[in-house]
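Q: Listed below are the residues making up each chain.
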Amino acid sequence: ASGEVNVYSWDAYISEDMMQTFEAASGIKVNLSTFGTNNEVLNKLRASKGEGFDIVLPSISSLQSWYDAGAEDGNELLQPIDETRLTAGQINPSIYEKSLDLGASQRGARYGVPFNWGTEGLAFNSEELDLTWETASWNDQWKGEYAGKMAIRPRSGLTSIALMIDGTGKMLDDAYQDEAVAHEVFSKALEFGMDHKPNIKVFWKTAADLTGAFTADGCVVGQSWDGTAINMWKETDGKIRYVSPKEGALTWMDGLCIPSGAVNVDQAYELINFLTSAQGGGMHAVHSGYNSSAIGAEAALDAAAQERFKMIYGPNGEAIANLWWWKPEAGWFSKLRSEYITRWETA
Amino acid sequence: MKNIELDNVTLRFGDFTAVRNATLEIEAGEFFSFLGPSGCGKTTILRMISGFNDPTEGVIRIGGRDMAGIGPNDRPTSLIFQNLALFPLMSVWENIAYGLRVRGLSKKDQRRRADELLDMIALPGQGDKMVSELSGGQKQRVAIARALAVEPAVLLLDEPLSALDLKLRQHMRAELRAIQQRTGVTFIYITHDQGEALTMSDRVAVMSQGGLEQVATPAEIYANPATAFVATFVGENNPLAGHVVDVRNGHAVLDTSMGTLRARNDRNLSIGDKAMLFVRPERCHVARPDAAPENLVSTRVERLDLEGSYINLFARGTCGSRFVVHMTNNQDISHLQRNADVQIGFSADAAIALPATRMA
Amino acid sequence: MKNIELDNVTLRFGDFTAVRNATLEIEAGEFFSFLGPSGCGKTTILRMISGFNDPTEGVIRIGGRDMAGIGPNDRPTSLIFQNLALFPLMSVWENIAYGLRVRGLSKKDQRRRADELLDMIALPGQGDKMVSELSGGQKQRVAIARALAVEPAVLLLDEPLSALDLKLRQHMRAELRAIQQRTGVTFIYITHDQGEALTMSDRVAVMSQGGLEQVATPAEIYANPATAFVATFVGENNPLAGHVVDVRNGHAVLDTSMGTLRARNDRNLSIGDKAMLFVRPERCHVARPDAAPENLVSTRVERLDLEGSYINLFARGTCGSRFVVHMTNNQDISHLQRNADVQIGFSADAAIALPATRMA
Amino acid sequence: MEAISSFRKRYGAILTAYVFVGCAIWLIGMIVAPQLLMVQKSLMYTDPAAAAAVSQMKSATDRLFVEKGRAERELRRIEADIQTGGSAGADQGSGGVFSPFGSTAKRNTGATVAELEQRRDALTLRLGQIADEIAANDAALVQAEKAAKPRVRLQNYFELFSNDANRPIFFKTIWSSILVTAIALVVCYPVAFYLAVSASKDTTALLMLGLIVPYWVNEILRTFSWLMLLSTNGVINQALIWSGLTDTPIDWRGGNSAVLIGMVYAYILFMVFPIYNTVETLDRNQIEAARDLGAPRWFIHWSVVIPHAKPGIAVGCIMTFMLAAGSYAVPVMLGSTTSKWFTEIIYDQFYEGGNWGLGSAYAFVLLITCILFIMTMMRLFRVNLQDIAR
Amino acid sequence: MSDTTHIQPRFALGAWVMDRLPGLYMALFFVYMFMPLAFMMIAAFNTTAVPPTALPFEGFTLKWFGALFSNAPLLAAVANSLIIGLGVVVLSLTLGLSGALLITRLHARAKSVLYAFLVSPLLTPGIILGISTLVFWNSAGMPGGLFVAGLAQSTFIASYCMLMFIARLQRFDNALEEAALDLGASHQQVFRHITMPFLKPTIITAGLIAFLQSFENFNTTVFAIGTETTLTIKLAALARRTPTPEVNALAVIFIALTVVMAILWEVKRRADAAREKAIAERASDADKDMVSLQIGSVVAAGEAK
Ligand SMILES: Nc1ncnc2c1ncn2[C@@H]1O[C@H](COP(=O)(O)OP(=O)(O)OP(=O)(O)O)[C@@H](O)[C@H]1O
Ligand SMILES: Nc1ncnc2c1ncn2[C@@H]1O[C@H](COP(=O)(O)OP(=O)(O)OP(=O)(O)O)[C@@H](O)[C@H]1O
Ligand SMILES: [Mg+2]
Ligand SMILES: [Mg+2]
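For the record, the sequence lines run as chains A, B, C, D and E.
Residues 3 to 349 (our numbering) make up the first sequence, in order.
Residues 6 to 365 (our numbering) make up the second sequence, in order.
Residues 6 to 365 (our numbering) make up the third sequence, in order.
Residues 743 to 1132 (our numbering) make up the fourth sequence, in order.
Residues 334 to 638 (our numbering) make up the fifth sequence, in order.
Simulated from the structure, these hints should not be mistaken for lab results.
We put the CB at the ideal spot given by N, CA and C, even for glycine.
Careful, some of the hints might be misleading.
Examples of chain D residues lying across from chain C (beta carbon under 7 Å, computed) [said to hold, decoys possible]: (1) A856; (2) E859; (3) E1022; (4) N1027; (5) Q1028; (6) L1035; (7) A1037; (8) F1041; (9) P1049.
Stretch by stretch, here's where chain E covers chain D in the computed footprint (C-beta under 8 Å, at least three residues) [stated by the list, open to error]: (10) 929–936; (11) 953–961; (12) 968–980; (13) 1083–1094.
If we strip away everything but chain A, and leave its shape as in the complex, we get (with noise of 0.2 Å):
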C-alpha cells in the first residue's frame, strides 16, 4: 500500500519511530497533529464537519458526546468499524469487551477501537513526601501543608473529589445517568473544592501544562495522568513519582476513530492495525508510558518499567482492580460537569 494518513492524536502518543516503523512496513506517510483535551477534538471536528482527518483518537467514554453532536448537526462524525478488517486476536479481548460498556458502540455498530488504556492518579515530589500504593488516597493532595503547590485537572479533579466522598463510586456513577444525582454529586464535590481552592496552583488541561506545574511552576502535588507522570519521572530520574491511590484511580480507554470525512480509509485500517499490534503497542507504551491495548506488548518494557508498575499498582497490580473506570458521557452530562468546573475555576 501508499499514499499517506492523517491522525489527530494526544500528544505524545506517536512517536517518530512508531511513524517511521509504520512507514517502512506500509509505505504509508503518516502525517500528526496532535490535540490535548477531549473536547478540542470533538469541537475541532465538529467545526470542519468531520473532515481533514483520516484517525482520531478520543477517549472512548467520550464517543457517547460524539454522536451527540453528531445528530445535532445532522451530520455523523465518525463511520462505523468494519470489525472484518482488523487484524483478528491481536486486540485483548477483555478490553475489547470493556470498550462497548465504555460506549465504543452506537446501536449495536462499533465506532472506536480500543488504543490503549490510562490512569489519573497523584503525582508527587519525592523530595518533599512519599506516597505509597497501598495507603495513598486522593485526599493526600489536598492537605494544608502542600497548599499553592498542587496541579489538578479541572475535570478529573471534581470527580475524584466527588470518588473521595462518596468512597464506592456509587453514586458518581448513578450521576451519568440522572441530572438530579449528578447536580448533587457536584454540588458536595464544587463545595470542597472551593474550600480547598488555595491549595491548587496550577489548574491543568494538557500534558503539557502538567509537566510545567512540575517543572516550572514548582508543585510537589497533584493529580496527573499516568503516562504524563511516568515521563516526568524519567526526566527527573525518579524525583517526580506517580502512585495509583487506594480509592481508585480515575482510568479511561482512549480509542481509534475514523472521521466520517476520512479520505484515506484503506491507510486508516492499516494504521489501526499496526497500532493495535504487540510491535505498534509496545513502541505505544515505551514511548508514552501508558498501556496498550494490544495483547504481549508489555514485553516491550523494559525492568525500570516493570519497576514503576509494581510501585504504582502494586507487585501483582492489586490497585488493577480498584481502578474507577470514566463512563461514557452524554453531551448534557459534560455541559453539567463543565458548568460547575467554571465555577470552580473562576471563582
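Fit chains B, C, D and E with the ligands to the supplied structure of chain A, relying on the hints for placement.
A: Here is chains B, C, D and E with the ligands on its own, set in the frame of chain A:
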C-alpha cells in the same frame, strides 16, 4: 488655428451659479487673459472650455464646432493646471511625450519630439532628469512643452505662475509671452494678478461673481474701465460718489461730497444719474497754490508713506473721504507735513464718470 | 519702561554662528525692527531676548539688569510668535487671560481684564468665540492682547504679519503702530519685508548672516545705506561697479563700465578704492536731449512694463549691464519704443558710492 | 446610483466594476453578513433538559444493543456447544471483567446440555424483550427529538447574566481592561510627549526604532517573554534568590497580576503611537508661548498639551481597551487559577462546551461592550472615526 | 539650554533633576520594553532545557536551533502560515484598494457611513471576527481551516491596507488624472500609467504589513483555523506551560527578522527623506542660481571695464 466662442454660457453647481451668461470670442493666436478675484468663476470657464465641466446652458464652439458631448481627451485644447500636474514618477521626456504615448507613437518618435520640445523650452539634454530635480521655473516650462506636444490649437493656463516667487514670476512671464509669440498657439490665461494680466495679454476679460465685466485690451481697461468694479479692481483709484448735474462735450459734471468735479463721460450718463467719479492716484498731483487745474479738492495730509521708490500721500477730504496720491520719490516734500492742508488737482480727462454700481 | 541692551552678543549652534557680535541698544517705548533675509538670525536674537536661548558670549540687559539665568517666564518680555501660537482649544478670552490664570488671578478678574483688552483691540464682546472663528487679522490682535495682558515692558513680534494677505497686512500694520503708540510699550519687530520695516519703525536694524549691517531710522537707511548689502537689500538700486578716481566736496568720481560718474562719498572712500555706485530707479529720469545733468548713461530700451500706476523702463547699457528706471504713469512715453536709444540721467546727490562688498 | 455614474465618468466601466464589486464583497460578504449570522446563531437555543432526555434515551438504546450483541454471541456459542453435546468451552461473557494482561477466558466447564438449553431459552426470551425495549425507545425518541429542536430565544443572552460563574468574569474582564488601559496611558503619556517634543530629531528616529521593534514582535512572543520572567523558577525569582532578597520563590503569577502585566506590555505601544502622533502635531511654539506667559511645566501639560492630545489619547485608549478585552493569547498563556478572561469562556463555549449559540451570544455581548466603550470615548473626547483610524 | 554657563546655584539641583528626569524615565521605559525579550533570547542559547530559562546560564549551545529545524510539525505549520499569508496579502490589497478608491471619491454622507463600516473590523476584537467568519462559512458548508482563517484575517487586514491607500490617495493630486485625460489617455491608461505607479510604494508596504499581520495573528486565527494549525498557533500551544528552548530559538529567529526588517525599513525611510530633501534643496538652489546668475552678470559686467 481655431477661434473659440462662448455663446451665452452659464454653469450652475446646484443652486449656485458659477458662471453667468458669458459671451465672448477669442481669436486664434491671441494671448487672452481672464482676470478676477478669487472664486469669480475663472477656473470654471477654463474647465468648460477644456471639457471637464459641461455648461448648464449655452454653447461652446472651437473652430466653429459645437463641443457639447466631446470629452477632454478629444478636444484640441491642452490645459496647464494651476499646480502644473506634472507626473512625478516619469522623467522629463516621458512627461512631455505622454500625450504622444497614448496616441500610440513609437518610443523613438516620442523621444525625438520630446527632444525638439526640450530645445524649444531651452532645456536641451535634460530629458532624463526626474521632474522633482527641476526648479520651479523649469517645471513650468516642461508643463508647457507637455501641453504643446499634442499640438493643441489652444493652450489653457490656470494661474500657472501663482506658486512662484516674485523674481521667478517676472522671469516666467517673459518666457511665456515669448513662447506664445514663437508658436502662435492661442493662449488662454487665468490670473488674479492684474500686473500679470496687463503686461502679458493681447486682451483681458475682467470677471466678477461669475459674470464678465469688461473685455478689452490692457491699456483700454486701465484707461477706460467700463464699470465701477473694473475701475476699482484694476489698479488703484480714488472713487468719489455723486450725481450728474451737467453733461457737455463728452464730459460730465458731478456734484460730489468733495465739490463739483468734471470727468470724461464715456458711458453717456445723463443729468440726474447717480454716478461715481474715478481718478487714479498717479494722475493726481499736489497743486501749487497758484495753479488752476480743472478739478481741485481740498484735503488735509494724514500720512506720508515712504515705500521704496514711491511716496504715497494719504489725505482726507473735508467730509471724511480718503484720497491717495502717488508721487515718485524725487520731489521736494518738505511742505507735506502731517495735518498740512493741501489742494489736490487733476485734469478732467484724467478722471472718468461711471454709473454707480458695485465696486471691488 | 525698560531699555534693552545687547552687548557684543554671539550665539553659536555647534560650529555654526547664528548671531555674531551684536551690540545695540533699544530705547524704552521705541518701535524697533530687525530686517534681513531668511536665516540671517533675526528669530535667534529675539529668542535670546525673551530667554528661550542663552547667548554663547556677551550680555543681554533689560532695564540695566543682566538677564543671564533668568527663564522666559521671569522676564518682562512677551513674545508673539510668527504663527501666533494661540491656544486653539481655548476661547478668545481664555487665551488672553492665560498669563493671568497662571498667575493665580480669580476667574472674575481674568475675565474683567480680558474684556478690557478686547475693547482695546477693538473686538469687544467677542471673548466667547473660539480662536478658529476669528479672521487672520482678529487672531493677530488677540495674540497681541494675550501678550499685553501680563503687562510686559517689551513686546517681541516675530514676523507677525507674514501669513496675512496684502490687504490685511496693510491694515494690520496701521493697527500695530496704533497699539504701540497707545500703550507706549517697547515693540521689537522682526520682518523680512522691507516695506513693513520702513513704514512702521522708529528705527531699523538690517541684518545679514548673523551680523548687524546698519542700525538707523528708515529714512536714513533708504537714503544713506551704510553698505552695499543694505543698498541692494532695501529697495531697488542700480549698481555700477568701478573704482574711485577722484574725491572732492563730499563727492567721489568713479570710473565705471558706463562711464565716469559722480556720487556722494559718505563713507569717505579714497582714490583707487574699489567701489560701487548705487542709484535708485526712481531717482533716475530719461534725460531730454538738451539736458545736461551731472551723470548721464547711454542705454537702449529693452522693455517697458506698464504695471498699474507705474511704468518700469528696462534698459541695457552699451556693455550689457542693465538699468531700471521707475516713472509714474503720467508722462508721455510715446518715444520710448523698444530698441530706442535713451540717455538716462541722475544727479550726483541721488547716487551714493560705497565700498565694494557683498550685495544682497 | 449617482455615485456609480460619477465614478464611472472618472474611471471608466472596468475600474468602476472592480471597485463596487470589491467593496460589496468585503462589506457585505465579510463584515456585515457574518456578524448577522453570528447574531442569528446566538439566538438559537435548545432546551438542555430535552436534549438530555434525547441523549439518555439514545444511550439506553445503545446499552440495549450492547447487551443484545453479547446475548447473541453467547447464544451462538451455546448452540455450538449443544451441537457438540455439552462441551466445556462456553465463555461466560467477559463483560465486567477487566484483565489487561494475560488470558481472560474463564471457561465455564462442565455445563450439561440441559443447563445449556435452559440458558439458551432464557437468552432467547431476553433477546425478544430487548427488541421490544428498543422499539419502544425509538418510538419515544421521535417525540423527545421534536422537543429538543433548537428555537429562536433570547435565552443565550439571559444566560450570561443569570450564570453566576460567567457574569462576574465578564465584569472582571471589562474592569481589568479598563485598568490595563489606564496603566498604559499613564506609562505612555510621558514617553509619547518626550518623543514628540523633547527629543532631538536623531534621537527620535533611534527611539522610534526602539519602539517599532517590540511593536513588530509577535504578541505571543511578547507574552511568552513574560512567562519566562514571571514563572516560579523564572528569571525574576532566580535573580531574587541569587541576590539573597528572598529564599522562597515569589508567586508572581497568582491572581490577575501576571495577565495585567502581560497585557500592559503587549498593548502599550498601541497607546504610545496615537498619542505621539497627536502630540507631534502640537506647535512647539504653543508650549513656549505658555512658558513665556509664565506657566509652570505641569500646568502647560494640563492646559495646553493634554487638551491637544485628546484625540490621540482617545484612540490609544480605544485600541488598548479593545485589544485587552478581546485578548485570548495573554490570559491563556499567563493566566493563573483565578484569572479567567471572558474570551476564554467564549473559546470554551466553542471548543470545549460545543455550544456555539451561547458562544456567539457571548461574543456579541463583547462586541457591543467594545462599541459602547468606543462611543463613550468618542463622545467624551469629541473625536470622530477619522481620527481613530490613522 | 543645557550648555548655558550662567546657571545660578540655587536653581542648580532642581534644574539638574528636571533636565535628567525625562531621560531617566525613557531609559527605564526602554529597559522595560527590551528586558523580557532579551532574557527570552538568552534562554535559547542556554543548555538548560526544562524549563527554558536565562538564569542560571549553564552553558552555550545551538542545539535548540537544530531541534527546531528538524521539528516536522512546526515546519508544516510554517508552510500553512505562508499559504494563509500570501492569500491574505492578495485579498487584502484587492479589497483595501477598492475601498480606498471608493471612499476617496465618494461625497459627504455616504462616505462617512461606508468609512465607518470598513474600518469597524479594526475596532472589533479579533476573536469576534474569527467567530463570525467561522459561523458564517460553517453554515455555508465550509468548515474551519486555512481558507476560513485567511478570510477572517483579511476582514480586518484589508482595513489596514485601505487606510494606507487612503492616506496615499489623499496626497494624490487629482489634477494628474485630469492632465492625463486632457492629453488624450483613456480611463484604463490613466489608471495604469498614473494611479498605479503612484500607489506602488503603498502596495509594497501594505502588502508587507498585511503579511506580517497575518503571520503573527493569533486571536482571530485560533477560532477560524479549525483542525489546521499555523506557526503562531503552534507557538502559543508550545509556549503555554512547558515550552522547550525550541520555542526560544524560534523567538530568536522571529525577533532577529523583525529587527532586520525594522532597521531596513528605517534606513529606507531615511534614505527617502534625505532624497526628497536633497531634491527640494537642489530645486531651490537652481532657482537661486538663476537669480544670482543675473546679479553676478551685472557685477561681472561692471568689473570688466
Ligand atoms: N464642483 C463644484 N461644486 C460647487 N461649487 C463649485 C464647484 N467648483 C467650483 N465651485 C464654486 O464656483 C465658484 C467659481 O469657482 P472657480 O474655481 O471657477 O473660481 P476661480 O475664479 O478659479 O477662483 P480662484 O482664483 O480662487 O481659483 C466658486 O465660488 C466655487 O466655490
Ligand atoms: N536650534 C538650532 N540649531 C542649529 N542651527 C539653528 C538652530 N536654530 C536656528 N539655526 C540656524 O541659525 C540661523 C538663523 O536662524 P533664525 O531662525 O534666527 O533665522 P531668521 O533670520 O529668523 O530667518 P527667517 O526669516 O527664515 O525666520 C539659520 O541658519 C538657522 O538654520
Ligand atoms: Mg481657480
Ligand atoms: Mg525667523
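Q: A separate judgement is required for each hint: does it hold in the structure or not?
A: These are the hints, each one checked on the structure:
no., hint, in the structure
1, A856, "106 Å, violated"
2, E859, "103 Å, violated"
3, E1022, "16 Å, violated"
4, N1027, "4 Å, holds"
5, Q1028, "5 Å, holds"
6, L1035, "4 Å, holds"
7, A1037, "4 Å, holds"
8, F1041, "6 Å, holds"
9, P1049, "4 Å, holds"
10, 929–936, "holds (count 4)"
11, 953–961, "holds (count 8)"
12, 968–980, "holds (count 9)"
13, 1083–1094, "holds (count 4)"
Checked against the numbered hints above, the structure violates hints 1, 2 and 3; every other hint is satisfied.
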